[in-house]
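Participant: Read off the chains here:
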Amino acid sequence: MLQTISENAKGYNMLKMRGVAKSFVTKTVETQALQPFDLDISQGEFVAIVGPSGSGKTTFLNIAGLLEAHSEGQYYLDGKDITGLSDRSKSSLRNQKIGFIFQSFNLIPELNLFDNIEMPLRYRTFSRKVRAQRVMEALEKVGLAGRKSHYPQQLSGGQQQRVAIARALAGSPSFLLADEPTGNLDSKMADGIMALLKDINQQGTSILMVTHDMDQARQAGRVVEIRDGYLTEQQLALTA
Amino acid sequence: MVGYYIKLAWLSLRKTPLLSMLMIGTIAIGIAAAMITITVGYMMAQDPLPHKSDRVAMVHLNSWDPTQPYGYRRNGKNDIPSTLTYQDAMALLKADKADKHTLFAQFSDMIRTTTSDVRDAQLHPIRSTTRDFFDMFGVPFIYGGTWSKEADLTGEQVIVLSKHENDRLFDGVNSVGKEVHVGTLLFRVVGVIDDWQPTPRFYTHRYLMYQSTLRYFVPLESQIRNALFSPTSMGFSCWGDDPNSTLADLLLSECVWLHLWVEFDSVDKKDDYFGFLSDYSEEQRKVGRFARPEPNRLMTVPEYLEKEGALSNENIMGIWFSLAFLLACLCNVMSLMMTKFHGKGGEIGLRRAVGASKKDIIIQFGFESIFIGLVGGVLGLLFAQVGLSVLADMFSNLHQSVMTMDIFLMVGTVGLAMSTSLLFGLWPIYRASQIQPSSQLKSL
Numbered sequence: 001m002l003q004t005i006s007e008n009a010k011g012y013n014m015l016k017m018r019g020v021a022k023s024f025v026t027k028t029v030e031t032q033a034l035q036p037f038d039l040d041i042s043q044g045e046f047v048a049i050v051g052p053s054g055s056g057k058t059t060f061l062n063i064a065g066l067l068e069a070h071s072e073g074q075y076y077l078d079g080k081d082i083t084g085l086s087d088r089s090k091s092s093l094r095n096q097k098i099g100f101i102f103q104s105f106n107l108i109p110e111l112n113l114f115d116n117i118e119m120p121l122r123y124r125t126f127s128r129k130v131r132a133q134r135v136m137e138a139l140e141k142v143g144l145a146g147r148k149s150h151y152p153q154q155l156s157g158g159q160q161q162r163v164a165i166a167r168a169l170a171g172s173p174s175f176l177l178a179d180e181p182t183g184n185l186d187s188k189m190a191d192g193i194m195a196l197l198k199d200i201n202q203q204g205t206s207i208l209m210v211t212h213d214m215d216q217a218r219q220a221g222r223v224v225e226i227r228d229g230y231l232t233e234q235q236l237a238l239t240a
Numbered sequence: 001m002v003g004y005y006i007k008l009a010w011l012s013l014r015k016t017p018l019l020s021m022l023m024i025g026t027i028a029i030g031i032a033a034a035m036i037t038i039t040v041g042y043m044m045a046q047d048p049l050p051h052k053s054d055r056v057a058m059v060h061l062n063s064w065d066p067t068q069p070y071g072y073r074r075n076g077k078n079d080i081p082s083t084l085t086y087q088d089a090m091a092l093l094k095a096d097k098a099d100k101h102t103l104f105a106q107f108s109d110m111i112r113t114t115t116s117d118v119r120d121a122q123l124h125p126i127r128s129t130t131r132d133f134f135d136m137f138g139v140p141f142i143y144g145g146t147w148s149k150e151a152d153l154t155g156e157q158v159i160v161l162s163k164h165e166n167d168r169l170f171d172g173v174n175s176v177g178k179e180v181h182v183g184t185l186l187f188r189v190v191g192v193i194d195d196w197q198p199t200p201r202f203y204t205h206r207y208l209m210y211q212s213t214l215r216y217f218v219p220l221e222s223q224i225r226n227a228l229f230s231p232t233s234m235g236f237s238c239w240g241d242d243p244n245s246t247l248a249d250l251l252l253s254e255c256v257w258l259h260l261w262v263e264f265d266s267v268d269k270k271d272d273y274f275g276f277l278s279d280y281s282e283e284q285r286k287v288g289r290f291a292r293p294e295p296n297r298l299m300t301v302p303e304y305l306e307k308e309g310a311l312s313n314e315n316i317m318g319i320w321f322s323l324a325f326l327l328a329c330l331c332n333v334m335s336l337m338m339t340k341f342h343g344k345g346g347e348i349g350l351r352r353a354v355g356a357s358k359k360d361i362i363i364q365f366g367f368e369s370i371f372i373g374l375v376g377g378v379l380g381l382l383f384a385q386v387g388l389s390v391l392a393d394m395f396s397n398l399h400q401s402v403m404t405m406d407i408f409l410m411v412g413t414v415g416l417a418m419s420t421s422l423l424f425g426l427w428p429i430y431r432a433s434q435i436q437p438s439s440q441l442k443s444l
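Protein sequences appear in the order of chains C and R.
According to the numbering used here, the first sequence is numbered sequentially starting from 1.
According to the numbering used here, the second sequence is numbered sequentially starting from 1.
Be careful, since some hints might not be right.
[As the list claims (entries may be wrong)] Short derived list, chain C residues pointing at chain R, Cβ under 8 Å:
hint, residue
1, Leu67
2, Arg88
3, Ser91
4, Ile108
5, Asn112
6, Met119
7, Gly183
8, Asp213
9, Asp215
[To be verified] Lysine-lysine pairs mimicking DSSO-like chemistry, simulated, CA-CA at most 27 Å apart:
hint, chain 1, residue 1, chain 2, residue 2
10, C, Lys148, R, Lys97
11, C, Lys80, R, Lys178
12, C, Lys90, R, Lys15
Because the hints were derived from the structure by calculation, they are not lab data.
Where a beta carbon is used, it is the ideal one built from N, C-alpha and C, also for glycine.
All chains, please: the whole structure from these sequences, using the hints.
Facilitator: Given below as structure tokens:
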């Protein structure tokens with residue numbers, strides 16, 4: 001059964017999926033991780049992906065982030081069909097269109113904050129001056145402008161996640177993919193990160209966030225639930 | 001980006017110091033072992049006269065005993081002498097059919113300055129030769145030069161010193177015109193040569209090729225006219241019943257002891273000269289000499305080195321063994337790289353997620369492999385220098401130049417380490433580039 005969950009979408013479709021499905025095939029068994037679905041996410045939307053562990057949330061996020069190929073269907077990112085694109089083209093799209101935020105921050109410990117944030121810019125043809133300018137702007141957005149020479153281990157968890165967000169923002173992506181961005185933080189730090197994400201969203205960046213926390217999900221404008229590989233739109237009372 | 005990748009390589013080495021040290025140390029040991037044997041082999045096998053080795057040739061005449069061969073070559077065939085009798089050498093010299101001739105032998109005598117006490121005299125081997133020796137073999141002078149043609153003909157008592165002996169006897173000043181005692185005779189210094197050590201010392205016998213050059217040179221005719229005879233150091237081979245208890249006996253005998261080298265302006269003249277040698281042999285056969293069947297030889301420098309086995313099979317085997325050891329070391333490095341790069345799965349996943357392509361990952365780790373090779377190569381170079389100096393001490397009979405790397409070998413050492421490190425890193429790098437980023441993003 002093809003699920004269509006695009007009724008809430010409005011404006012320009014940043015992400016458009018048609019009949020997208022994912023299955024893992026081994027020699028003996030085929031596992032359907034994601035059932036065929038349609039999904040539209042417009043520019044400026046903040047969408048929360050919820051669901052129990054093992055339901056396919058991360059698989060969905062990996063497909064959306066071009067880290068994994070889908071098995072069926074069509075996926076348009078910012079209007080471009082990504083089916084059959086080469087590794088180099090997908091890498092370039094990830095670099096320019098998508099910013100990743102991970103649960104465990106994924107900062108490289110031997111690089112200072114400046115170098116960590118600069119990493120995505122290194123895979124573009126920016127001059128040193130432009131790179132430095134973008135890194136400093138990103139650091140200012142997350143409130144860590146004075147700590148560019150610090151190393152990740154010198155920061156708290158919340159600050160490390162802010163650095164990760166700055167890294168995701170440095171390349172001016174069309175949308176952010178956040179995989180449980182507050183999963184490793186206490187509630188106070190988590191609130192700070194959520195506030196920051198909402199602020200970024202209000203400035204026009206689309207956000208697709210996987211979370212287990214229904215309170216956080218409610219803060220997004222839209223909630224999609226994945227359960228046993230099926231995507232469904234949730235009608236939740238929005239409190240944001 | 002090059003600077004960025006070098007920085008990442010350096011940070012990566014620092015991140016896992018033990019693994020890095022193991023990789024660098026393994027490369028360094030393998031490279032050092034290979035380069036020690038390659039250095040000795042390379043220096044032994046160098047062309048000592050690179051600009052004219054095909055125009056300079058040694059004359060071998062088969063004047064030996066008709067009843068039995070002179071000896072046997074490495075391939076089992078009968079050999080002929082590589083030195084000449086006095087009568088043959090002088091006949092070829094007088095015929096003057098080549099553009100340059102160098103005839104030489106050696107003897108030993110006591111040497112001192114005119115002002116030093118007789119008890120300070122030292123016994124030295126002395127090269128008795130003709131004036132073309134220095135020009136033909138490219139000997140550099142710092143003072144004076146070779147002796148005159150007349151000195152060759154009249155046996156004038158003149159002498160050329162090495163820089164080492166000029167420093168010892170005359171404190172390094174220009175000694176041209178001064179005199180030294182050779183035995184009881186006075187010889188006037190006409191030239192001082194600079195440090196000169198062709199490697200190998202191609203113009204003499206195999207067992208002398210890696211020893212130091214002699215330090216005194218006098219006209220051959222001066223040795224003969226003064227009957228300077230030192231049987232134990234002159235190296236003559238005899239057959240038959242001719243007496244050879246004096247130099248005069250030796251000159252008249254069938255003993256072989258004189259080396260004759262000839263130089264031609266062009267390679268084409270070599271065939272003509274060989275024809276001349278054949279004619280000469282034929283003439284000698286008519287008077288009852290040269291009865292053996294083995295042909296004469298006119299061997300260029302590379303041919304003579306090959307015949308003498310300047311680079312022995314043992315040397316070549318040693319090089320192969322050391323290269324096999326290097327291969328084993330590099331296989332170990334490859335497995336260590338597999339471990340190292342596999343441990344960087346989280347970073348690879350992250351870099352892929354933020355936009356690095358597989359090619360970017362390959363370049364990054366390629367730089368890391370080359371960097372490991374560079375550090376390993378430099379360390380290997382140091383190990384090799386230590387190893388060569390130990391070898392030089394152990395084999396003090398061989399000249400130090402055989403145990404010394406030239407700049408080509410030094411650069412080659414580091415280049416070999418870098419290229420092999422990259423080559424053996426290709427598989428680990430390829431595996432690293434194939435890591436599925438989505439599977440690694442929770443493991444950084």
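Participant: Please go over all the hints and tell whether each is borne out by the structure.
Facilitator: Cross-check of the supplied hints:
1. Leu67: holds, 4 Å
2. Arg88: holds, 5 Å
3. Ser91: Result: holds, 4 Å to nearest chain R Cβ.
4. Ile108: Nearest chain R Cβ about 6 Å off; hint holds.
5. Asn112: violated, 11 Å
6. Met119: Status holds, d = 6 Å.
7. Gly183: Result: violated, 11 Å to nearest chain R Cβ.
8. Asp213: violated, 18 Å
9. Asp215: violated, 23 Å
10. C/Lys148 to R/Lys97: Violated, at about 84 Å.
11. C/Lys80 to R/Lys178: violated, 94 Å
12. C/Lys90 to R/Lys15: Violated: C/Lys90 and R/Lys15 sit about 30 Å apart, past 27 Å.
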